[in-house]
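Novice: Here's the letter readout for the chains.
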Amino acid sequence: MTDDKDVLRDVWFGRIPACFTLYQDELTEREAEPYYLLLPRISYLTLVMDKVKKHFQKVMRPEDLSEIWFDYEGTPLKWHYPIGLLFDLHASNTGLPWNITVHFKNFPERDLLHCPSKDVIEAHFMSCVKEADALKHKGQVINEMQKKDHKQLWMGLQNDKFEQFWAINRKLMEYPAGEDGFRYIPFRIYQATTERPFIQKLFRPFAVDGQLHTLGDLIREVCPSAVACEDSEKFQVVIHGIEPMLETPVQWLSEHLSYPDNFLHISILPQPTD
Amino acid sequence: MSNSVLWAVDILGRVYTLSTTGLHWELCKDPQPDFKRVAAVGQCCWGLACDQQIYVHVPASDLPIRCQEETYENQRWNPVDGFCDRLLPSDRWLWSDVSGLKHQRLDSFQLPSPYWEWESDWYVDENIGGEPTEKGGWTYAVDFPATYLKDKKWNSCVRRRRWIRYRRYRARDKWAKIPSPDGRMQLLDPFNDIAVGGWEVTDEPAGRLSVWAISLQGKVWYREEVCHDNPEGTSWLELATPGEVVQISCGPSDLLWATLWEGQIIVREGINRNNPKGNSWTIVEPPTSESGIMHVSVGTNVLWAVTKDRKVWFRRGVNSHNPCGTSWIGMVGEMMMVNVGLNDQVWGIGCYDRTVYFRQGVTPSELSGKTWKAIVVNQESGRSRTGSSSSLLSAGCFFGDEVKEQADSSVLTDVDSLCNAERPSTPRSSEPPPAPETQSNRTDVTRSEVVDSGSGVIPNLREQTDPASDRDGEALVERPGHAQGPVSTPAVLQWTNVDLVEARDHAATSSHDFSETSSLSSLGMYSVKADEPYGVDEPPLWVWVSGGGCLVESHSPLKWFSVSSGLACSVQSLSLSITPAQTAAWRKQIFQQLGERSRRELESFRHYEQAVEQSVWVKTGALQWWRHWKPCKWIDVRVALEQFTGNDGMRDSIFFIYYNYYEEKKYIHVFLNEVTVLVQVLNDTKHCFAIYTPETTKQRWPIRLAASTEQEMHDWLALLSTSCCESRRIQGPPSHQAIWSITCKGDVFLSEPSSDLEAPSNPMPCDQLFWHQIGGHLQVVECGSQGMVWGIGYDHTAWVYTGGYGGGFIQALASSSDNMYVQTDVKSVYIFENQRWNPVTGYSSRGLPTDRYMWSDASGLQECTKANTKPPSPQWSWVSDWYIDFNAPGGTDREGWQYAADFPASYHGHKTMKDFVRRRRWGRKCKTATSGPWLEVPPISLWDVSILPRAAESGDSPVALWAISSKGDVLCRLGVTKRTPAGSSWLHVGTDQPFVSVCVGADLQVWTIARDGSAFYRGSVSLQQPAGDCWYHVPSPQKQKLKQISVGQTSVFAVDENGNLWFRQGITPSYPQGSSWEHVSNNIRKVSVGPLDQVWVIADKVQGSHSLSCGTVCHRTGVQPQEPKGSSWDYGIGGGWEHITVRGNAIIPSKVVLQEASESQLLQSSHLDHGEDGGKKSPCKSNLLVDEEQDLDGNAVAC
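Residue numbers (full-length UniProt numbering), protein chains in the order written: chain A, 1 to 274; chain B, 1 to 1199.
Among the hints, a few may not be true.
Dumping the calculated SDA-like pairs for lysine to any residue here, alpha-carbon to alpha-carbon at most 20 Å [stated by the list, open to error]:
#1 K78/A with R61/A
#2 K51/A with Y608/B
#3 K51/A with S92/A
#4 K51/A with E609/B
Please keep in mind that the hints were generated in silico from the structure rather than gathered at the bench.
Required output: the full structure, derived from the provided sequences and hints.
Specialist: Okay, structure coming up:
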């Protein structure tokens, strides 16, 4: 029988093949070869770019190097979204590998946050984890942890150490014996088609009568347009590149399909027409 | 736990039970007669029927209640007739009891009541003290009374033989009527109340009960000699009382309370093991003078009472030492009655709604609990869910979170008003009653009123805890004063409030009414109005509830409080068990899609570089290390675990221990792939574990490390053991061949045997076996074929292995999430009270200066007082007080003392002239809770268990499993298959004496050991006749008492009480009992013989190069078909091992196998297996294949 733990592993070890090409306007000393890499879905772009940077720096003059950033088909990629989310949101239903363009010039100040060092990613990541725990346990679990536990979470993510990360993270996924689930489900819903970056609301895993809330309940309450009309355009609800059934309980989803930042990052995409 | 049920009676007199795991009330199987009250305990239920008679209901069980009757036939020899019935006039009766003093003819034995039946006719016992007698069963002696021998001698003048017959209680699952007090007082005095308790009176014989009844004239009756084997008791005995008694309650231990007509309570004092009836009454005044006590219910450490105005009161400080308690505390809620059950849990029946309420939050530290919660479950299983849930909703019994919070805060208001009030009793009438329409949940004022028992009413308005503090956020935001006002959220709240107000008015009048008009006789007898609507769909209205047989444990949440759909409860226990949700479509879809995603996104891109490279990973820390060289002591060390990930993704690890030696920095290191076991070490002061490698096993001197906290130790153990398993490529659940063992701490270890473990030449040395821990706490573990494993806890609870892995301290990732359950165990810690005799004061605690401590451990070397003795480890907590152990080996006198000439010596249970010292053993029970892949097999507790080692491989045919119950009954489990390893029911196998050990070997050879030390072979056991037909007595080796037996393919080995290992010679298919015992070895504690006739033992003591270890796993080498006894011992892991079972390992060793590539080992061996055995017993080829597939699957997922 398949174990629920295997889901955690599958989620953790999700990889997206990507092809990095240098933007055509970048000045190089010689031609830049594209670079192929397997990106961990649960990590952040700027966290896993050491090799990419090194590759392209070889062909560029040091004075032309400034902060690296990426786009996909003209859309700048926000490094503070997990890679899997970026892919699901912008590039799912396209061919693989994922073609990402690398820039060193013209940083899009309006669209992207600066990421001068990995400390910034760590700060962002930890603040997400804390926010999630505030929703789940009023922040009690994360606050009771020691500094080294926080560090272990981060190091686990940074070094792609599943065991190291989950040794701590499982505590964040527990709930008190008397309770049936988290207080609120930490989730964010993204729509490629809207201006609004994402939707986030308070949402309990259970209804007043004790019934489990499902993914469908969540979407209906938070983003009714996505499920409302049957005849108009259909939407896909994607997490980690899969489409869980709308009957799936959100509590289970939160425990098993959350990103390392403890949020469920849900993409709502228009159904591809083919 | 499935036999743990709550009993209740509804207003129509029907009796229902509700299982702690159940979701609906079940009607009692025997519908007759109608009842008014019930008093349940674990083993039975007593009831007061509408005919005012007492009945007892004993549930059906696989174990019969049977009693042996015996009588002796005596004969004397005379020269004319030889032995004949003609006795001398001075002789005993021709038929007598064992002493010869009582005349008992065979036909003088009568069944005690119509509820008994004879099992068979009388027959002669052909067994004396473990030795078989001649045919006819005669034993001979020189004269009466004398020592009887089985052999006739020249001077044998008398002989006798023992006749036995069994009677069996047949009123199972039926109400058996108990006769009223008979004889002289023919005037009918029908009964009015019934109470059962006293099953936990310190160290009394197990199964004894105290049954008390009250008659209408207010007399107290005690039922004599009620015990497990005599469920009806023998007769009623009247006890004098200071007044007319109307109601009585008996706690599990030595508390007995009763209410008087006048409203006072009387408490029985002096109840103990030797005097379960107690000796005197003490009167306790009710909490308020205007309203007397109407109803009491007592537990182990609590007393709950209901006054005539239906108020509920809690009595503080009630316990064995102070049966009267100290003071009253008023509780919120108005009840018809309350009942205290197991673990001092409390149930009540609401005064207005007649709903059964459960008191939530009752813990040993907070005996008064937190809130009343209505039990809302379906009445019958057959009813459709929607129907009943809607009807319940309309009845107003079913509310969710929001309403609950509101209700809580409304009570808060009253707390405040109450606290401001001058007089404690009057404001109560303004309190909102537990109106059924509004509150399924009520919060109590924790000790809002404390009234001193002696001096009447003293207002003492202490608020101990703020009841709101642990509530949810929203409730906190509301100021108590505003709580009644409408709050922002749902409409439900609006009408809740409305109802609250209404109910409040109603309460003010009704409670007033009650205080004036309530009469005692109305208690529990609800008048059914003729026109009262009582539809089928209405929840029953209850009159009585009894929780004496209902075990509510904190770790298993009750599902009684909502008419839930399957999903809601499944999520509660998502991490615990296989649930319907697990098979839900959404789950399948997620697994399937994740698989597809990996294929899509990864399959064709595996040659891409990884963005993040795996590298060396180091974990460091500070521990203490037990220095190898003398003087041995704990020294502080730094430790580091370095893990390297190879290109293949597999990891190797080295563990470094850095220490200073004369200012010089040094280190030792251990390759984790050489570690054979990581084991926690018993140490009262440190959190300590040991690391063994083959080398340290030979030395008997492991690396010992200690952490400063338990958590730290568990973190290291979890990390190291995961790394060890990784480096040995061990993952997931154990194979069916695994060897299981248990340490003296109750920890369970297992090892995967390799194919050369049982090789005839150069077998793998058993000190190289790698052991890893699995969750659980057991005393005995036994495995059979096809991965079936059973365990027995220290408290003799039977457990079946669920197929999971991990648990205990092992971190979640190395554990399966399915098949893990909470496992509890209880054991006793013993200390000794020592005394020496002196001419002045007799025995006293003043010893000689050279004597041992007056309170010590068994050896006398350690001082162990009651105060300073702690539970064995922080995982254990006390669950009882210290008690005198009257069952100490060697026997005790009536006060538990054992006497001896001097310390240390052998002790005996009676005082002689030569005895100058005495001691007695005190025990205290402690309990642990852990998690592991084990599921309880209720209800019968076991002493020993054995599973057929090599079963027919056809998928689901039943497998023989035999067991010995903790009472010594021989049992055969039916319905044990690969799919249902727990089986379905027990088949009781009749014996003439209690048994201690059982083993079932190949071809269904069943061997057992009786308590007298002799062996028995069970004849004609077959698939068609799983329990066989008769016993063959096999005498024990000369002057030895056997205690344990193990049977393999053809070999039978037994261990005696002096540690000798015996082999049974001469066993042939036609003569399976064999001919004689042959001595093999001494120094043995336990033996396990496997399906290959391999012999493994736990040796008592093994000397290593550095040290000595007790309790060591040893393997008999040189065992061959022609040489089944083997030639010598190979020493394996040791130092505290208590039990081993190798009965799952049927991998036949072969040289061919070794030459094959390693991955085909299993497959290959199964082929060979197949070949050697011929078609007849073709072993589990298919199973092995399945195994391998599973393993491959596991790996695929892991990498």
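Novice: Hints first: check each against the structure and report whether it holds.
Specialist: Cross-check of the supplied hints:
Of the supplied pair hints, the one linking K78/A and R61/A is violated, its CA atoms being roughly 26 Å apart against a limit of 20 Å. With a C-alpha separation of about 12 Å, the suggested pairing of K51/A with Y608/B holds against the 20 Å cut-off. The hinted pair formed by K51/A and S92/A fails the criterion: a straight-line CA distance of about 24 Å is larger than 20 Å. Restraint check: the Cα-Cα separation between K51/A and E609/B comes to about 10 Å, which is no more than 20 Å; the hinted pair holds.
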